[in-house]
Structure formats: C-alpha cells, structure tokens
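**Student:** For any residue, its number in my numbering is found by taking its place in the sequence shown, counting from 1, and adding 55.
Keep in mind that the hints were calculated from the coordinates and are not lab data.
Do not rely on the hints blindly, as some may be mistaken.
What the hints assert, rightly or not - Distance condition first, Cα-Cα at most 16 Å in a straight line; then the derived EDC-like pairs of lysine to aspartate or glutamate:
1) K60 with E91
2) K110 with E64
3) K110 with E68
4) K110 with D71
5) K110 with E61
6) K60 with E115
7) K110 with D76
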Amino acid sequence: MTTAKELREMSDEQLDLTAKDAADQLFRLRIQSQTEKLDAPTELRINRRLIARVKTIQTERLLAAAAPAEAAK
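Please take these sequences and the hints and turn them into a complete structure.
**Tutor:** Listed below in structure tokens is the structure:
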C-alpha cells in the first residue's frame, strides 16, 4: 500500500504512471467482479482510494505552481 507521504515524494511522471496502473488494475478488478468471485473485494476500494490520493496530490502541485504566478500579478 502506498501512503500519501510516499506519493508526495514521487515525481510527476511517477504519479502519472501510478495513477494509470491503479486505473488499469481497477478496471480488471471490476470486470473480474462481474464475471467471477473476487478473492479480495477490498482491492476495489484500495485502488479507488489510491487513484484519489494521486489526483489530490497532482491538484495540490498544480495549485502550488499557479499560486506564485498569481502573486506576481
């Protein structure tokens, strides 16, 4: 499991890759849940929360980068 602290230490490219991997895994798990029994149903929740954490950190970085530009105006 990846914590928010570990995610914040990642580069933007690593965050993009992590989000893409989690989304792919979530897709596979959803298909599997529709066609057969999941071994660990909590994996769906874990992947959804990981995607949310990554998007939150990306948004924080975007807003932090925009803040100095607005202060200069």
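**Student:** Could you run down the list of hints and mark each one as holding or not?
**Tutor:** The hints, checked one at a time:
For the given pair, K60 sits about 35 Å from E91 by alpha-carbon distance, which is inconsistent with the 16 Å threshold. Restraint check: the Cα-Cα separation between K110 and E64 comes to about 14 Å, which is no more than 16 Å; the hinted pair holds. Simply put, K110 and E68 have alpha-carbon atoms about 13 Å apart, close enough for the 16 Å limit, and the pair holds. With a CA separation close to 9 Å, the supplied pair K110 and D71 stays within the 16 Å bound.
Restraint check for K110 and E61: the C-alpha separation of about 14 Å stays at or below 16 Å, so the hint holds. Between K60 and E115 the alpha-carbon distance is near 13 Å, which keeps this suggested pair within the 16 Å criterion. Of the pairs offered as hints, the one joining K110 and D76 holds, with about 13 Å between alpha carbons and a cut-off of 16 Å not exceeded.
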